[in-house]
Amino acid sequence: MDECINAYFRNIWIYYQKNMKKTILVPLLGFVILVICIFYYLNPPTEKKSYQKKIADEIFNTQTFFKTKTIDEKELGEFYIVNFFASWCKPCLAEHPLLMAMKDQGIKIIGINFRDDEENFLSWITENGNPFEYVIRDDGTIAYKMGLIGVPETYFISNNEIINKIQGPLFYEDVEKYL
Amino acid sequence: MKMLKSIYKKIFIIISLLFISSALAENSELTDFYKSIRCLVCDGQNILDSDTEFSVNLKEQIKKKFDSGLSLQEINNELISIYGEEISFKPSDSHFLLWASPFLLLLLIFFLIRKKYF
Amino acid sequence: MINSLGNLFLYLPILFTFFFYLRSSKLNESQTILAARVIYICSLIPFLLLLIAFATSNFQTLNVLQNSYINDPFIFKVTSAWGSHEGSILLWVFLINLYGLTFSFFHKKNLLNKQLIFISQIFIIYILISSNPFIEVNMDGNTEGLGLNPILQNLLFVIHPPILFLGYLGLIIPFVISSFILTTKQHDEPLFQQMLIWSKISWFFLTVGIVLGSYWAYSELGWGGWWFWDPVENVSLIPWLLNTALVHSLQVSIKNNQLKLWSLNLALYGFIAAVFGTFLVRSNLIVSVHSFATDPLRGLFLIIIIGYLLITTIRMNLKSISLFNKDTFQFISKESFLLINNIFFICAALTVFIGTVYPLFSEMIFQTAVSVGAPYYNFTFNILLAPIIILMAFAPQIKWHNHHSQNQIKLLIIFLTGFVASLISYFIFYNLFFSISVFITAPLFMQSVVVLFAKFKKDFRFYAQWLAHLSIGIFIIAAVSTEQFDTEENLLFKKDSNNELPLNSGGYAYIENIQNIEKLNHVQILLDMKIVEENKTYSLSPSKNIYQPSGQITNEVSVVNNFFSQYYATISQIESDLVSINLVYKPFINLLWMSALMLILGIFGSIIRKI
Numbered sequence: 054m055d056e057c058i059n060a061y062f063r064n065i066w067i068y069y070q071k072n073m074k075k076t077i078l079v080p081l082l083g084f085v086i087l088v089i090c091i092f093y094y095l096n097p098p099t100e101k102k103s104y105q106k107k108i109a110d111e112i113f114n115t116q117t118f119f120k121t122k123t124i125d126e127k128e129l130g131e132f133y134i135v136n137f138f139a140s141w142c143k144p145c146l147a148e149h150p151l152l153m154a155m156k157d158q159g160i161k162i163i164g165i166n167f168r169d170d171e172e173n174f175l176s177w178i179t180e181n182g183n184p185f186e187y188v189i190r191d192d193g194t195i196a197y198k199m200g201l202i203g204v205p206e207t208y209f210i211s212n213n214e215i216i217n218k219i220q221g222p223l224f225y226e227d228v229e230k231y232l
Numbered sequence: 007m008k009m010l011k012s013i014y015k016k017i018f019i020i021i022s023l024l025f026i027s028s029a030l031a032e033n034s035e036l037t038d039f040y041k042s043i044r045c046l047v048c049d050g051q052n053i054l055d056s057d058t059e060f061s062v063n064l065k066e067q068i069k070k071k072f073d074s075g076l077s078l079q080e081i082n083n084e085l086i087s088i089y090g091e092e093i094s095f096k097p098s099d100s101h102f103l104l105w106a107s108p109f110l111l112l113l114l115i116f117f118l119i120r121k122k123y124f
Numbered sequence: 101m102i103n104s105l106g107n108l109f110l111y112l113p114i115l116f117t118f119f120f121y122l123r124s125s126k127l128n129e130s131q132t133i134l135a136a137r138v139i140y141i142c143s144l145i146p147f148l149l150l151l152i153a154f155a156t157s158n159f160q161t162l163n164v165l166q167n168s169y170i171n172d173p174f175i176f177k178v179t180s181a182w183g184s185h186e187g188s189i190l191l192w193v194f195l196i197n198l199y200g201l202t203f204s205f206f207h208k209k210n211l212l213n214k215q216l217i218f219i220s221q222i223f224i225i226y227i228l229i230s231s232n233p234f235i236e237v238n239m240d241g242n243t244e245g246l247g248l249n250p251i252l253q254n255l256l257f258v259i260h261p262p263i264l265f266l267g268y269l270g271l272i273i274p275f276v277i278s279s280f281i282l283t284t285k286q287h288d289e290p291l292f293q294q295m296l297i298w299s300k301i302s303w304f305f306l307t308v309g310i311v312l313g314s315y316w317a318y319s320e321l322g323w324g325g326w327w328f329w330d331p332v333e334n335v336s337l338i339p340w341l342l343n344t345a346l347v348h349s350l351q352v353s354i355k356n357n358q359l360k361l362w363s364l365n366l367a368l369y370g371f372i373a374a375v376f377g378t379f380l381v382r383s384n385l386i387v388s389v390h391s392f393a394t395d396p397l398r399g400l401f402l403i404i405i406i407g408y409l410l411i412t413t414i415r416m417n418l419k420s421i422s423l424f425n426k427d428t429f430q431f432i433s434k435e436s437f438l439l440i441n442n443i444f445f446i447c448a449a450l451t452v453f454i455g456t457v458y459p460l461f462s463e464m465i466f467q468t469a470v471s472v473g474a475p476y477y478n479f480t481f482n483i484l485l486a487p488i489i490i491l492m493a494f495a496p497q498i499k500w501h502n503h504h505s506q507n508q509i510k511l512l513i514i515f516l517t518g519f520v521a522s523l524i525s526y527f528i529f530y531n532l533f534f535s536i537s538v539f540i541t542a543p544l545f546m547q548s549v550v551v552l553f554a555k556f557k558k559d560f561r562f563y564a565q566w567l568a569h570l571s572i573g574i575f576i577i578a579a580v581s582t583e584q585f586d587t588e589e590n591l592l593f594k595k596d597s598n599n600e601l602p603l604n605s606g607g608y609a610y611i612e613n614i615q616n617i618e619k620l621n622h623v624q625i626l627l628d629m630k631i632v633e634e635n636k637t638y639s640l641s642p643s644k645n646i647y648q649p650s651g652q653i654t655n656e657v658s659v660v661n662n663f664f665s666q667y668y669a670t671i672s673q674i675e676s677d678l679v680s681i682n683l684v685y686k687p688f689i690n691l692l693w694m695s696a697l698m699l700i701l702g703i704f705g706s707i708i709r710k711i
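Residue numbers (this note's numbering), protein chains in the order written: chain D, 54 to 232; chain B, 7 to 124; chain U, 101 to 711.
Do not take every clue at face value.
[Stated by the list, open to error] Only some residues are given here: those of chain B computed to face chain D with a beta carbon under 8 Å:
1) Leu46
2) Phe60
3) Gln67
Just so you know, these hints were derived from the structure itself, not from any lab.
The structure displayed is predicted, hence computed values, not measured ones.
Just so it is clear, CB atoms sit at the ideal spot from N, CA and C, and this is done for glycine as well.
The shape of chain D in the complex, shown without the other chains:
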């Protein structure tokens, strides 16, 4: 059986060698592979899908800091924002004015203070202003549930579903469609 297979391949090879036209086969194959590689190169795979669609329940079960009550989902309305921040995080300070501007426009922001010291957090708020409708102090559990990569991170929620997530400081282009 093996001899048959070997003979078969040998015959193909001899045929290949005898037909000069077929000598373009190898370079052609190479070219095709090259084209495929270039295609993949210029069209890299799209952003991987976000894995969380639902917001973490803890946000509605935890006591907020300044208002000493838990957040009532109905009070938030159709559209709101969840923003993770910390006093030790420099880019959070950079995006802070934008958050204040959004608050002035009436957008409700839930601020989640990620792994922070209480004193530092309070002085950060006092010095810079409070753009948040509600603030929750988190030891990392909520961040973990939401799949936080690092602060600052912002989630845009509409109809109780996460419609967008921005990792890193917010820029005007990220939020202008919501203003």
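Since chain D is already given, all that's left is putting chains B and U on it; use the hints.
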């Protein structure tokens, strides 16, 4: 010829034994589990070696869950459902080609040259 | 001025090469060699010019501006030349032409030099298109430079790229010799002998380069690890594996004219792996600790040059396969053992390749990102190599052609002893992985001792090989020990409280002193720590360095030795009222480095062969 075949048989047995014992000897220690979880804000480090807030937080959360009774496999699944597959340095079994390819390649090479050498 | 000169000497060799190819058929041998050497020498000059630019802190050259700082120590100023992507590619071109030049003194054959020149010129074209360091920049003298990344300011790291490149590029000579043999179908023994010597040279440099890189990571990166299966590391491992297989396979090809096709292909793919690896990590495709700044054009170039090398290799193979496929050994013999060796090493190299490239593949095909790390390689790579370690114990004593004497009883005793030793080790350490490694390496250790007392001619080559093989056994034991038995603890020293903290081992540690020291381009916060254990005191001085002009902070590791083990300390946190130290006890880690040295010595010994 026969002697050569017996050597190959012995090699095959050794590899199978190693494969089985390696699969069985799954280390159940927490620190070893940390080594298999990737720090997503670093360049390829695992969370045990990394000092970032992300890694420290993850270590704490994992420890909490481990102490509350969850098995390492359950914690691993939860991590993957939150952060995606890239959080684990051990690709899931659905990547069968990846895990099997070294041994398949070995078998393939032996198969291709068997006519000539054996 | 330097920029123009640099650019001139980048265009010049390409011009010369063009004319060289036009007229090569009309030149006689000595003219060809002369032309080739002119091209090689011209190609050496740009890198030397870059070195001068760095040494004189010529900030009009963009690359110098981006990677050097006026107050950097001189040695780091000069070595910053290869601290960036552009500079290191220029170093690559320099070394490939240096090899070419050296090679031209040993081989005057036209074809060999032609191919070498062609490959080296492709890299110069690459530099001109996308990585030219000689870009003029005018800052009106208002600059002190942006500084070399502090992590790179370490003597070990500074020599690591040149040595590793010497290893990668050394493989070009086996590549061209192999192509020559396949295309001209001349396969006399001297050619294979030459291939062997050059392969050993590249093998030596690759081994030293990898060990240096590993030791640098261990001493600089503060995590105490020495191998991370990081893409850049993997990419240096693959050529090393192929090179090892090549060196072994060539012995058979030279001695008995067997396994020729294997040797030739190992040489070809070894070089392809080296080029592929180096450029893969500079393209946009793979992310790692060693990431360089990326540019999509670089990945495209990678595809082009790999495509050329691969297509050439495949075509050559297809044309000449029948001529070289004449192996005739059959029985248990050194040839068959080395054949198995080839197969397993090739599989190991392919495994590392698959693991490195799979995340990219998965992202493209399945649209999911996966991470392939230590768990994967520990399962596949380690298991693949285990049988080879066992065979390695016996292979050097197996005879050529036909090993008649089958002492089954001796074999049984060896394996039984190994099994008993691994059982004992299990009851001492309660660690399955360690016991498995004892079982695998026991035959090697036993045979090493036996063979020392056996009566046969032992020349220098024998001892070199003995040392190299033994070092692998020691390496495995040390690697598994450090992986399994490392203990880590975090010591929190608070101000105004009892400053002697107890250690897990039973002793205690205290901080003697904290100093702020001003150095040339950084401020060092140096901590003096002492560990007291059973009447012995050990001194550790980890530090944090704050660099100018970037403000970057690095963690400097401090180690202290206790025979084969080490205490490894880093500062994890330093505030005004507390200091937190990470202390790791690593048993047998020094055996690891010792075995690496033994391996390097063994390889070196096999090159010089006689004293």
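query = Close enough to count: is the Cβ of glutamine 67 (chain B) nearer than 8 Å to one in chain D?
reply = holds, 4 Å
ask   = Would the hint on leucine 46 (chain B) stand, with a C-beta cut-off of 8 Å toward chain D?
value = holds, 6 Å
inquiry  = Holds or violated: the hint that phenylalanine 60 (chain B) contacts chain D, with Cβ atoms closer than 8 Å.
reply    = holds, 5 Å
Violation of the numbered hints given earlier is absent; every hint is satisfied by the structure.
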